[in-house]
Amino acid sequence: MNIPTRSVAAGLLIVGLAAAVLSKARAGGDDFFPPVADKVTAEECGGCHMAFPAAMLPAASWRRMMSELDNHFGDDASLDADTAARVTRYLVDNAADTGGRQYGRKLMQGVRANASPQRITELPKWVHEHDEVSPGEWKDKDVGSKANCPACHVDAKLGYFEDD
Amino acid sequence: MTVTRYAIGFLCVLPLATTVSAAPPASLIEGYAAAAKAEGSGFAGFSAARGETLHRTEFAGGKPDTPACTSCHGKDARGPGKTRTGKAIEPMAASASPARYQDPAKVEKWFKRNCNEVLGRECTPREKGDWLAYMAGQ
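Same order as they appear, the protein sequences are chains A and B.
Per the working numbering, the very first residue in the first sequence carries number 1; after that it's consecutive.
Per the working numbering, the very first residue in the second sequence carries number 1001; after that it's consecutive.
Treat the hints loosely; a few may be bogus.
[Said to hold, decoys possible] Subject to a maximum C-alpha distance of 25 Å in a straight line, what follows is the list of computed SDA-like cross-link-like pairs (lysine to any residue):
{"no.": "1", "chain 1": "B", "residue 1": "Lys1112", "chain 2": "A", "residue 2": "Thr88"}
{"no.": "2", "chain 1": "B", "residue 1": "Lys1063", "chain 2": "B", "residue 2": "Glu1090"}
{"no.": "3", "chain 1": "A", "residue 1": "Lys141", "chain 2": "B", "residue 2": "Lys1037"}
{"no.": "4", "chain 1": "B", "residue 1": "Lys1109", "chain 2": "B", "residue 2": "Ala1060"}
{"no.": "5", "chain 1": "B", "residue 1": "Lys1106", "chain 2": "B", "residue 2": "Gly1042"}
{"no.": "6", "chain 1": "B", "residue 1": "Lys1063", "chain 2": "A", "residue 2": "Leu79"}
{"no.": "7", "chain 1": "B", "residue 1": "Lys1082", "chain 2": "A", "residue 2": "Ala147"}
{"no.": "8", "chain 1": "B", "residue 1": "Lys1082", "chain 2": "A", "residue 2": "Tyr160"}
{"no.": "9", "chain 1": "B", "residue 1": "Lys1106", "chain 2": "A", "residue 2": "Ala115"}
{"no.": "10", "chain 1": "B", "residue 1": "Lys1112", "chain 2": "B", "residue 2": "Gly1061"}
{"no.": "11", "chain 1": "B", "residue 1": "Lys1087", "chain 2": "B", "residue 2": "Ala1105"}
{"no.": "12", "chain 1": "A", "residue 1": "Lys157", "chain 2": "B", "residue 2": "Arg1100"}
{"no.": "13", "chain 1": "A", "residue 1": "Lys39", "chain 2": "A", "residue 2": "Ser7"}
{"no.": "14", "chain 1": "B", "residue 1": "Lys1037", "chain 2": "B", "residue 2": "Glu1052"}
{"no.": "15", "chain 1": "A", "residue 1": "Lys139", "chain 2": "B", "residue 2": "Arg1100"}
{"no.": "16", "chain 1": "B", "residue 1": "Lys1109", "chain 2": "A", "residue 2": "Cys48"}
What the hints contain is simulated information worked out from the structure, not anything from laboratory work.
What you are looking at is a predicted structure, and each value in this text was computed from that prediction instead of being measured.
Produce the complete structure using the sequences and hints provided.
Here it is as structure tokens:
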């Protein structure tokens, strides 16, 4: 039998890389936040901006945000009741103080228990981590908004937010 | 041989199928037409030209940073746009984004949000049909 050595090697390489990525994810490195895994949540939240990982805010924040979608940071982001309920469930279940605790814990430093902060970019830890970014860099036309994580964090969509 | 023949047949039909599905579904357009008629004021069909005007006009009633559809969608309907948060928006032209307009609930969701933002009110059925007629022809 003729074993296709090259295919086997390529397959092993892919498995190896996947394992490396997974182990990094499992380790819960400071800069890893699992990307939104629910299809509806990813689509609805990702319609206007990057779908921010649920582990970046506590459950109380998501509950409040999802109840005020008709004025979502000044925009109308309203959803029908069924969709809103599904998105809320995913976000609350995977929040920084629930299922996503191992990833979101560090970002919650300085946030009072039961508080419901709305802007990720106003969390004390977020502000501290971004203090080296100059006003000019924020105004760069390719950045435009603090909500545009992937402008600098090239692997943000994969969940990695390390310094780039 | 038969397989090859089927494959060739399939490949010939494929572009046709894609072209058909790119247009907004007839039922969606008919729904807006019925609603426009019910509103009165002598509705006599949708107009892509009026749709283009709606798309490009700068309104004063909505949010100051998004006075027109083109504020986010860009001036070229076949080209991409960009949200205020820097996220790319696929082109609005049906020819460039064939998957668009296939889900009526999604179309309604975005009309509601974006008309409120740009015009400061919901769009009328006639405006929606005109706008879709413009995008269907782009």
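Going down the list of hints, with the structure as the test:
Pair hint B:Lys1112 plus A:Thr88 holds up; C-alpha atoms about 21 Å apart against a cutoff of 25 Å. With a CA separation close to 22 Å, the supplied pair B:Lys1063 and B:Glu1090 stays within the 25 Å bound. This hinted pair does not check out: A:Lys141 and B:Lys1037 have alpha carbons roughly 45 Å apart, beyond 25 Å. A C-alpha spacing of about 22 Å is found between B:Lys1109 and B:Ala1060, which places the hinted pair at or below 25 Å, so the restraint holds.
For the given pair, B:Lys1106 sits about 28 Å from B:Gly1042 by alpha-carbon distance, which is inconsistent with the 25 Å threshold. Distance hint between B:Lys1063 and A:Leu79 is fulfilled; the C-alpha atoms sit about 20 Å from each other, no more than 25 Å. Taking the CA atoms of B:Lys1082 and A:Ala147, the gap is about 13 Å. The hint holds against a cut of 25 Å. Straight-line distance between C-alpha atoms of B:Lys1082 and A:Tyr160 comes to about 23 Å, which keeps the hinted pair within the 25 Å bound.
Restraint check for B:Lys1106 and A:Ala115: the C-alpha separation of about 33 Å exceeds 25 Å, so the hint is violated. Taken as a hint, the B:Lys1112 and B:Gly1061 pair is honoured in the structure, with Cα atoms around 15 Å apart against an allowance of 25 Å. For a cut-off of 25 Å, the pair hint linking B:Lys1087 to B:Ala1105 stands: about 22 Å separates their Cα positions. The straight-line distance between the Cα atoms of A:Lys157 and B:Arg1100 is roughly 23 Å, inside the 25 Å bound, and the hint therefore holds.
With a C-alpha separation of about 32 Å, the suggested pair A:Lys39 and A:Ser7 falls outside the 25 Å cut-off, and the hint is violated. A threshold of 25 Å between alpha carbons decides the hint, and for B:Lys1037 with B:Glu1052 the separation of about 21 Å falls inside it, so the pair holds. Between A:Lys139 and B:Arg1100 the alpha-carbon distance is near 32 Å, which puts this suggested pair outside the 25 Å criterion. Restraint check for B:Lys1109 and A:Cys48: the C-alpha separation of about 13 Å stays at or below 25 Å, so the hint holds.
When each numbered hint is compared with the structure, violations occur for hints 3, 5, 9, 13, 15.
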